[in-house]
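**Q** Take these sequences, add in the hints, and give me the full structure.
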Amino acid sequence: MTPPEPLDEDRTLDSSIFRRPPETTNAESGPADTGRSRRPRFHGDAGTLFGIHVVNVLLTLVTLGVYYVWAKTRVRHYVFGQTAMEGDRFAYHGAGTELLLGTLKAALVFGLPVLGLNLVRDVFEVPDPVKAAAGVLAGALVFVFLPVALVGGRRYRLSRTSWRGIRFSFRGHVRDLIKIFMRGGLLTTVTLGFYTPFFQVNRQAFLVTHSYFGSRRLEFTGRGQDLFSPFMVAVLLTLPTLGLGWVWYVAHKRRYFWDHTRFDTARFGCSVTGKALLALWAINLLALVGTLGLAWPWVRVRNIRFAFSNLTLIGPLDLGRIQQQAQHASPFGEGLSGFFDSGFDLA
Amino acid sequence: MMRSPWPAFYLDGKTAVRHTATLRLMREGLEISTGNGWTCRWLYREIRQTQGFYPGEVVRLERGGVHPEVLVVSAVEFLTSLRKAAPDLGRRFHDPTRRATRRRLTVLAGAGVIAASLGIYLWGIPILAALAATFVPVSWEERVGQSALSQFAPPGRHCSDPQLRAAVNEVLETLTAPAPRSPYALRVSVVNTPLVNAIAVPGGHIVVFRGLLERTRSPEELAGVLAHELQHVLRRHATRAMLQGASMGLLLATISGDATGPLAYGLGAARALGDLSYSRQAEGEADADGMKMLLEAQVDPAGMIDFFEVLAKEEGARPAGFKYLSSHPMADDRLARLKNVASGQRGTPVKLLPGTDWSRLSKLC
Chain A
1 MTPPEPLDED RTLDSSIFRR PPETTNAESG PADTGRSRRP RFHGDAGTLF GIHVVNVLLT
61 LVTLGVYYVW AKTRVRHYVF GQTAMEGDRF AYHGAGTELL LGTLKAALVF GLPVLGLNLV
121 RDVFEVPDPV KAAAGVLAGA LVFVFLPVAL VGGRRYRLSR TSWRGIRFSF RGHVRDLIKI
181 FMRGGLLTTV TLGFYTPFFQ VNRQAFLVTH SYFGSRRLEF TGRGQDLFSP FMVAVLLTLP
241 TLGLGWVWYV AHKRRYFWDH TRFDTARFGC SVTGKALLAL WAINLLALVG TLGLAWPWVR
301 VRNIRFAFSN LTLIGPLDLG RIQQQAQHAS PFGEGLSGFF DSGFDLA
Chain B
1001 MMRSPWPAFY LDGKTAVRHT ATLRLMREGL EISTGNGWTC RWLYREIRQT QGFYPGEVVR
1061 LERGGVHPEV LVVSAVEFLT SLRKAAPDLG RRFHDPTRRA TRRRLTVLAG AGVIAASLGI
1121 YLWGIPILAA LAATFVPVSW EERVGQSALS QFAPPGRHCS DPQLRAAVNE VLETLTAPAP
1181 RSPYALRVSV VNTPLVNAIA VPGGHIVVFR GLLERTRSPE ELAGVLAHEL QHVLRRHATR
1241 AMLQGASMGL LLATISGDAT GPLAYGLGAA RALGDLSYSR QAEGEADADG MKMLLEAQVD
1301 PAGMIDFFEV LAKEEGARPA GFKYLSSHPM ADDRLARLKN VASGQRGTPV KLLPGTDWSR
1361 LSKLC
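Protein chains in written order, with our numbering: chain A, 1 to 347; chain B, 1001 to 1365.
Rather than coming from a laboratory, the hints here were simulated on the basis of the structure.
Mixed in with the good hints, there may be bad ones.
Claimed, not checked - The following label-pair restraints were derived from C-beta to C-beta distances:
{"#": "1", "chain 1": "B", "residue 1": "ARG1098", "chain 2": "A", "residue 2": "PHE194", "range": "46 to 52 Å"}
{"#": "2", "chain 1": "B", "residue 1": "ASP1332", "chain 2": "A", "residue 2": "ASP128", "range": "36 to 42 Å"}
{"#": "3", "chain 1": "B", "residue 1": "GLY1064", "chain 2": "A", "residue 2": "LEU236", "range": "53 to 59 Å"}
{"#": "4", "chain 1": "A", "residue 1": "ARG171", "chain 2": "B", "residue 2": "THR1097", "range": "57 to 63 Å"}
{"#": "5", "chain 1": "A", "residue 1": "ARG171", "chain 2": "B", "residue 2": "GLY1065", "range": "21 to 27 Å"}
{"#": "6", "chain 1": "B", "residue 1": "GLY1065", "chain 2": "A", "residue 2": "ASP128", "range": "55 to 61 Å"}
{"#": "7", "chain 1": "A", "residue 1": "ASP122", "chain 2": "B", "residue 2": "GLY1064", "range": "51 to 57 Å"}
{"#": "8", "chain 1": "A", "residue 1": "SER271", "chain 2": "B", "residue 2": "ARG1102", "range": "34 to 40 Å"}
{"#": "9", "chain 1": "A", "residue 1": "LEU236", "chain 2": "B", "residue 2": "ARG1157", "range": "42 to 48 Å"}
{"#": "10", "chain 1": "A", "residue 1": "SER229", "chain 2": "B", "residue 2": "GLY1284", "range": "55 to 61 Å"}
Stated by the list, open to error - A few chain A residues facing chain B, derived, Cβ under 7 Å:
{"#": "11", "residue": "HIS43"}
{"#": "12", "residue": "LEU58"}
{"#": "13", "residue": "LEU61"}
{"#": "14", "residue": "LEU64"}
{"#": "15", "residue": "LEU292"}
{"#": "16", "residue": "GLY293"}
By construction, the Cβ of each residue, glycine as well, lies at the ideal position given by its N, Cα and C atoms.
**A** Here you go:
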């Protein structure tokens, strides 16, 4: 069946959009928008996510794992489509096919070499120096590709995410992150771990300040020294609290990171507390252990709702000034990050 | 063919500004008006739906290539009208009335997941692991075995009494003589530790602890233990357990979606339970084939049965809940199966180590 031919009238009307765009007077969220506080909202439910998950698992088992890339994509489509800011839903634009190609490429460039080197080190009958060399080489591959996966994965995900039709993007360079990793790794070792909060802040600054919504960059004003005393308190309380004190540090860090993140003339605010975070994690853990992992969709939804209920964007926003400025991003990085088990949540 | 207008939002794909609009379903396409006189028409065949497939989602329509224009309609009924207006292209748009069918199919898929997981767990993984184990070189098993051995049995604790060693080696040779040549260099060491246990380390080394040796009342009882442990080596149970463990991890990671964070702990528990069950299967195999080994070597099977009965009595003192979690099959079951295999015995068994005083020999460590 051939689709009906377009009417001439349709053609004229089609092109009209380029000549006569809608007037901004009819638009919402103009410059008049001031000082309000906005909160993201999640409209989805765990039951639907569970249904999607069940079908995903079946197809992944039947295809011996190949469907995994589509499964991941479908879940993101759902989660993003059910997340709203200012009443408008986010959208995820990734496709399973491109992710499959990215994953295959990552397997070829990274997965197979590392597997081969590990086989040489642990299984094959070769002289000891060869084994040692293979081990060092495998370690070096992981060290180099971890930042590549971090940056590439973020680049891919943000480029496939939009709100109000405007794409996000990540424009950081891998070499900068490798520098941060090398410096951070070295200084953390030399200072017996006390450089950790500075390392964490540097990493976060890199990830945030190279993230864009359309043409507009996110800003980050955090400083490592601000996290140093909470970090010290957590270190000192490790033994008396049997390590639970670190939950408070994580909560503090999360608050600090969001509170020092700005977008345009607005800033984020985060109200997460250690107690609430501990309760969230404890219940999540119990649910997952009790159901052997089946409660995963509920846990995911709980995490998202928790994060959103603690997150606000405060201050005026001039959305009219934000232009589409999408960036190209290959699915290779996302495929690669699949090998590093980096869980990606909106939260 | 005018119908009542639908309220919607229009996004132009160039700025983040949202425009309120109304939509009319026309014969060839959607007519969009933003209220200040601006109108535009999208042909139905240019439109793709990207959201609005699940309850709670809004309907999102897109037109255009890389940075499409977007229409957002919150009323899901719009889809039904849209499908009616474009009957030829109905398949491009989600049909909300099919959601109940989809739910039923999802329940079916759930049943499929359970069936597939059980199938993989019960047959797929054991068969694959057995197959894959044949590709693992013996030299690798030997290396793994060596490092395990240095933990369980540090060299200084090996019993070196020549009489005892000769006796143990004779039992070992009697057992392995009728069997086809194996790629393993089979050895038995007695280690001076009070544990009542014996271990087969990968690569062919069997460790018998002094505690167990002292409990045996005849060389036939020791032969029973050795036959069982030899089967662990020959059937590559350790390698298979490793492969099974890894595959279980993969299966569980698939079922649970994402194996990061706290989920890893939950999965760890599930995997441990699954591994235990595989380990019970391996014990059952080692029992049955160990007994066959005894029979082929013309060793009296009563020794193995008697000795396992002694161990079973000690196990009987444990509460029932622990037995399920034990890596060994239920004692009664185990004995019954041993006796069943032993009943296939033909001819008179040959006495092992005739003329030796076993009760003295077994205390020489």
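**Q** All the hints need checking, so say for each whether the structure fits it.
**A** Structure-based check of all given hints:
1. Distance hint check: the CB atoms of ARG1098(B) and PHE194(A) are about 59 Å apart, inconsistent with the given range 46 to 52 Å.
2. At about 50 Å, the beta-carbon gap between ASP1332(B) and ASP128(A) misses the expected band of 36 to 42 Å.
3. Taking 53 to 59 Å as the suggested C-beta distance range, the pair GLY1064(B) and LEU236(A) conforms, at roughly 58 Å.
4. Roughly 45 Å separates the CB atoms of ARG171(A) and THR1097(B), a value that falls outside the hinted 57 to 63 Å.
5. Between ARG171(A) and GLY1065(B) the CB atoms are about 22 Å apart, so this pair conforms to the stated range of 21 to 27 Å.
6. Roughly 57 Å separates the CB atoms of GLY1065(B) and ASP128(A), a value that falls within the hinted 55 to 61 Å.
7. Checked against the hint of 51 to 57 Å, the C-beta distance between ASP122(A) and GLY1064(B) comes to roughly 53 Å, which is consistent with it.
8. Distance hint check for SER271(A) and ARG1102(B): the Cβ-Cβ separation is about 38 Å, which falls inside the suggested range of 34 to 40 Å.
9. Checked against the given bound of 42 to 48 Å, the beta carbons of LEU236(A) and ARG1157(B), roughly 43 Å apart, stay inside it.
10. Range check, SER229(A) to GLY1284(B): about 59 Å between beta-carbon atoms, so the 55 to 61 Å window is met.
11. Interface restraint check: HIS43(A) against chain B, minimum CB-CB distance 5 Å, threshold 7 Å, status holds.
12. Annotation: interface hint on LEU58(A) holds; nearest CB of chain B at approximately 5 Å, less than 7 Å.
13. Here the hint on LEU61(A) is kept, as its CB sits about 5 Å from the closest CB of chain B, short of 7 Å.
14. Interface restraint check for LEU64(A): the shortest CB-CB distance to chain B comes to about 10 Å, outside 7 Å, so the restraint is violated.
15. Residue-level restraint check for LEU292(A) holds (minimum Cβ-Cβ distance to chain B is 4 Å; threshold 7 Å).
16. Given the 7 Å rule on beta carbons, the hint for GLY293(A) holds: about 3 Å separates it from the nearest Cβ of chain B.
Violated hints for the displayed structure, listed by number in ascending order: 1, 2, 4, 14.
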